[in-house]
Structures are given as C-alpha cells and as structure tokens.
Amino acid sequence: MTGNIIQLDNNGNLKHFLSTEGLSQSLLQSILDHAESFAGVGERAVKKIPLLRGKTIANLFFEPSTRTRTTFELAAKRLSADILNLNISTSATSKGETLSDTLHTLEAMHCDMFVVRHANSGAAHYIATQVAPHISVINAGDGRHAHPTQAMLDMFTIRRHKKSFENLRVAIVGDILHSRVARSEIHALNTLGVLETRIIAPHTLVPKGVEDLGVQVYNDMDTGLEGIDVIMMLRLQKERMRGALLPSEQEYFQRYGLTSERLAIAKPDAIVMHPGPINRGVEISSEVADGEQSVILQQVSHGIAIRMAVMAMTMGRSNDDMENTE
Amino acid sequence: MSDAIDIDQLLSEMTEATQTHCNANGYDNPLMIGIQRGGAWVANRLHQSLKLAEPLGELNIAFYRDDFSTLGLHPEVSPSKLPAELNNRHIILVDDVLYTGRTIRAAMNEIFDYGRPASITLVVMIDRCGRQLPIQADVVGKTMTLNTGEHVKLSGPEPLTLSFDNVEGTET
Chain A
1 MTGNIIQLDN NGNLKHFLST EGLSQSLLQS ILDHAESFAG VGERAVKKIP
51 LLRGKTIANL FFEPSTRTRT TFELAAKRLS ADILNLNIST SATSKGETLS
101 DTLHTLEAMH CDMFVVRHAN SGAAHYIATQ VAPHISVINA GDGRHAHPTQ
151 AMLDMFTIRR HKKSFENLRV AIVGDILHSR VARSEIHALN TLGVLETRII
201 APHTLVPKGV EDLGVQVYND MDTGLEGIDV IMMLRLQKER MRGALLPSEQ
251 EYFQRYGLTS ERLAIAKPDA IVMHPGPINR GVEISSEVAD GEQSVILQQV
301 SHGIAIRMAV MAMTMGRSND DMENTE
Chain B
1001 MSDAIDIDQL LSEMTEATQT HCNANGYDNP LMIGIQRGGA WVANRLHQSL
1051 KLAEPLGELN IAFYRDDFST LGLHPEVSPS KLPAELNNRH IILVDDVLYT
1101 GRTIRAAMNE IFDYGRPASI TLVVMIDRCG RQLPIQADVV GKTMTLNTGE
1151 HVKLSGPEPL TLSFDNVEGT ET
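Taken in sequence, the protein lines are chains A and B. Position 300, counted from 1, in the first sequence is what the numbering used here calls 300; the numbers after and before it change by one each time, with no gaps. The numbering used here runs 1000 ahead of the 1-based position in the second sequence.
For the record, the hints were derived by calculation from the structure and aren't laboratory data. Since this is a predicted model, take the numbers as computed values, not measurements. We put the CB at the ideal spot given by N, CA and C, even for glycine. Be aware that a few hints might be false.
[Claimed, not checked] Derived CB-CB ranges, DEER-like:
hint: 1; chain 1: B; residue 1: Leu1071; chain 2: A; residue 2: Pro133; range: 11 to 21 Å
hint: 2; chain 1: A; residue 1: His203; chain 2: B; residue 2: Asp1067; range: 47 to 57 Å
hint: 3; chain 1: A; residue 1: Glu211; chain 2: B; residue 2: Ser1078; range: 16 to 26 Å
hint: 4; chain 1: A; residue 1: Val46; chain 2: B; residue 2: Arg1037; range: 18 to 28 Å
hint: 5; chain 1: A; residue 1: Gly281; chain 2: B; residue 2: Asp1028; range: 55 to 65 Å
hint: 6; chain 1: A; residue 1: Glu226; chain 2: B; residue 2: Lys1051; range: 50 to 60 Å
hint: 7; chain 1: B; residue 1: Pro1157; chain 2: A; residue 2: His161; range: 28 to 38 Å
hint: 8; chain 1: B; residue 1: Pro1075; chain 2: A; residue 2: Glu211; range: 32 to 42 Å
hint: 9; chain 1: A; residue 1: His110; chain 2: B; residue 2: Leu1071; range: 18 to 28 Å
hint: 10; chain 1: B; residue 1: Pro1157; chain 2: A; residue 2: Asn85; range: 40 to 50 Å
hint: 11; chain 1: A; residue 1: Gly54; chain 2: B; residue 2: Ser1119; range: 25 to 35 Å
Sequences are here, hints too, so could you generate the full structure?
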C-alpha cells in the first residue's frame, strides 16, 4: 500500500515515515543509530536539544491513544519543537468539516509536521499525498495496517539487548489479525535480516496469507517458543473484536498467555516485549510482565528516542527539491 | 604545503601552554572535553600528556549546529559522553581547527545544557582565522591565515596528520 516512493525524497532521505515496508536495511539501521544518540538526551540535566526549535508539530489523533501520543509529544518537546495536540474525533470533524479542510486549516497555521493516528488503514498515506511539500507526515498507527515507530522502537530494544539481528529467532504472539504493530514488526525484522520470525496465535487471529510475508505460523505456543530469543507479545484488542473469534479470556490465557512455565521453553536469555497497554492475566502473567526478562518499560523510554530520531530525520533533510543549499 | 608541521612538537607546546594557562588562573582538577571527531583526538593526546585524572569527555555537537535546516541531520552519529555533573567545574574545551567560531558556540550551548561550569578554556590546534562570532582561543597550537576555499583538515586518530587543500595563504 505504501511503497517507499512517497516516503523518500529525491535524495533517498526519509520525508514521511508511514510504514517499515519497502525501506532499506541501511535506512532502518540509520534510524536506530540516530535513536542511539538521542537516547542520551533524556538522561541529562536539561532534557532538550535545539534541533527543531521554531518548528510546529501537530499530533492528529483521530483515535484515542495515551502512550503513543505522549511519547510523540515528549519527543517533539525534547527537540524544542512546539506541539499541538488535536483530538480530532471530538473536534472539527464532528462539526462536519472534511479531513481535507482540517488539513488545510492546520497548514494555514504553518505546521511543519503531522503525526497521524487513525482507525482507517492508509489514512496517514492519504494525508501525505494531500499536504504541502514542506510538511512531513509520521504514521502513529493506521487501522490494521502499520505502526512503524512502534516497530522501530521494538527493533531498537532488540538491538540493545541482542547486538545484532542475524542469528535471532523471534516470536510474535497473540492477536496478529488486528495488529498493525505485528505487520510493521514483520517487515522490519525481515529487512533487518533475522534468522526466523514466527507467529504464534489461534487460527481465528491469524490473517490470511501471512505466510507470504516469510513467517512461520504456529498454533501451539509450547512448540512455537522452542529456541526463541525474543518474544513479542501483542495486546488482545478486545475493542476491535467482532463475533466469536475467541472462546473466553480465561481459555485464551490458558492456551496463549505467557507464563513463567512457558517462558522457560524459550532460550534462557530470551527477552519479553509488549507494546502496551498490557492486559495482565489475559495475554501475559504479572509474574512475567514484571519479571527479569521483561523489557516492557524500556520499550517506552526507547519510544521517545526513536520518535526523536524519525522527527529529526524527516524534518532535517537537505531539501534540494525545495530550496537551495550552500 | 612544503614545510610539514611536526604534530608531536605542536602537541607538546600545547600541553605546556595549557598547563601554564591553568596554573596562572588557578584551575585545579580541570575537566577536559574534546569536540568529535578531530577535537577529541587532540584532546586525547593532551589528556595523556597532562596526566589528568578524570576521564576525557567527548562532545558531539550535531544536535546544536546552526545549519540543521539547510544541511539536515549529520549522518555520523555517536553520542556525547560527558560526566553528569559539570556544575562549577573548570572545563578545557579542545578542538582541532578554529575557523568561524560556530562549532564552539554550539559546543558551549551544549555544555550549558549539562550544567553551569565555573569556566571554559578553549584550546585549539590550528586557528585558521576567519571568525564570524566573537570567540577566541586561550591556547593555540598554530595560527595561519587561510582564505575562503582553502582547507585544513586533521586526520587520525593514529597517526594524527594535518593536510591542506588549495592553500596559498600566508603563515603567521
């Protein structure tokens, strides 16, 4: 859906960040490298650098989100940008304004970047095609399609713990069907060259044709976790469930919940990840979520560094196609 | 350029001048910070010869550059490594080449985001003149007047060598 053509400018630099699909390994590594330098900013006395001073970023959230919105907001503030938080679901569109009118209104306020969260797949891509050339768009989650900054902060967390991707076996567990995170993760893991990516889920929560993405599908969790280095749990998206996809939360936990006993099947140094918010006792036990192998809270901190990196890369291009450089 | 510069000789003179400067001003236990990458190489050598106890700090000023909007994010990334506490410290800031002064401005801005130092002493290997900001070095290895379009570059870290491009300017 989102080829890399729209995401890159004429010089091959990141202009919009809409999907991990179609981006090169060197570009993904470059995002991780930049995030590594930005990570230190949060540990300083003044948690702010002047890179995006004078820029205005609009958080356009057509769908509610707390952690993604706040980490984007914090990332923008640490880069010294001004940020507007617009909860669109309760504002203009409910008064009948069209999406395109909302965008042009924000452009007239001289915004430089839109961070977009939308329930419809492809929304951020559509917005990227509509905005003025100097505006960058970052996808903060669109429907079931993509959530690239979440995927990249997960890659960052993996790289910090495992150093390289080449020899890793990664399992993504749970509600793959509704998960934009899983899709973005699979593309990123493929590009970064992991040894194997497995999907562990009940039949009803595995999207059709997912094998075409180069993943192994397991319906039995105990078999699927053998030899695994990284376990990426997904939240059971109850709000997106329609019909009888699941028997009950209790039964789901019995078959697909990550418990200490199950974790012991994976490699002893396996790390446990979760994009949050976690449903304790549904997809993961409290013991594991709070345990030594869990890196769930590190993921949150890494999210700020990744979002700073992507914002700085998309806004700080040498814009040959827009203005002359020296 | 025909007459090659003896880097070891230059470093030894800089060491002595830095020591004299610190003694004269009563800078006890100074903290040395090198600007990546060339400045950090020079700082590393000075740090050894001055036998400073505290580890060398390194500054990556990419996030403080004033040409971000035209040149974009610098592709070379390695984080700054500074001790958490800079408050009330005497800092020796080291760079390889001093030219417009913009790098030093960026470095000082970054330092002040870590804390409020008692003083900053600027040590540079080459002052090539051409300042665009009111910034002067306290210790200079060698001063030379280069014109726009002429370049001096330090390569390293081992061995450290200076190279000149298109240089017709006069040495002082």
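Verification of the supplied hints:
| no. | hint | in the structure |
| --- | --- | --- |
| 1 | B:Leu1071 <-> A:Pro133: 11 to 21 Å | 19 Å, holds |
| 2 | A:His203 <-> B:Asp1067: 47 to 57 Å | 56 Å, holds |
| 3 | A:Glu211 <-> B:Ser1078: 16 to 26 Å | 40 Å, violated |
| 4 | A:Val46 <-> B:Arg1037: 18 to 28 Å | 24 Å, holds |
| 5 | A:Gly281 <-> B:Asp1028: 55 to 65 Å | 59 Å, holds |
| 6 | A:Glu226 <-> B:Lys1051: 50 to 60 Å | 55 Å, holds |
| 7 | B:Pro1157 <-> A:His161: 28 to 38 Å | 30 Å, holds |
| 8 | B:Pro1075 <-> A:Glu211: 32 to 42 Å | 37 Å, holds |
| 9 | A:His110 <-> B:Leu1071: 18 to 28 Å | 22 Å, holds |
| 10 | B:Pro1157 <-> A:Asn85: 40 to 50 Å | 46 Å, holds |
| 11 | A:Gly54 <-> B:Ser1119: 25 to 35 Å | 31 Å, holds |
In summary, the one numbered hint that this structure violates is 3.
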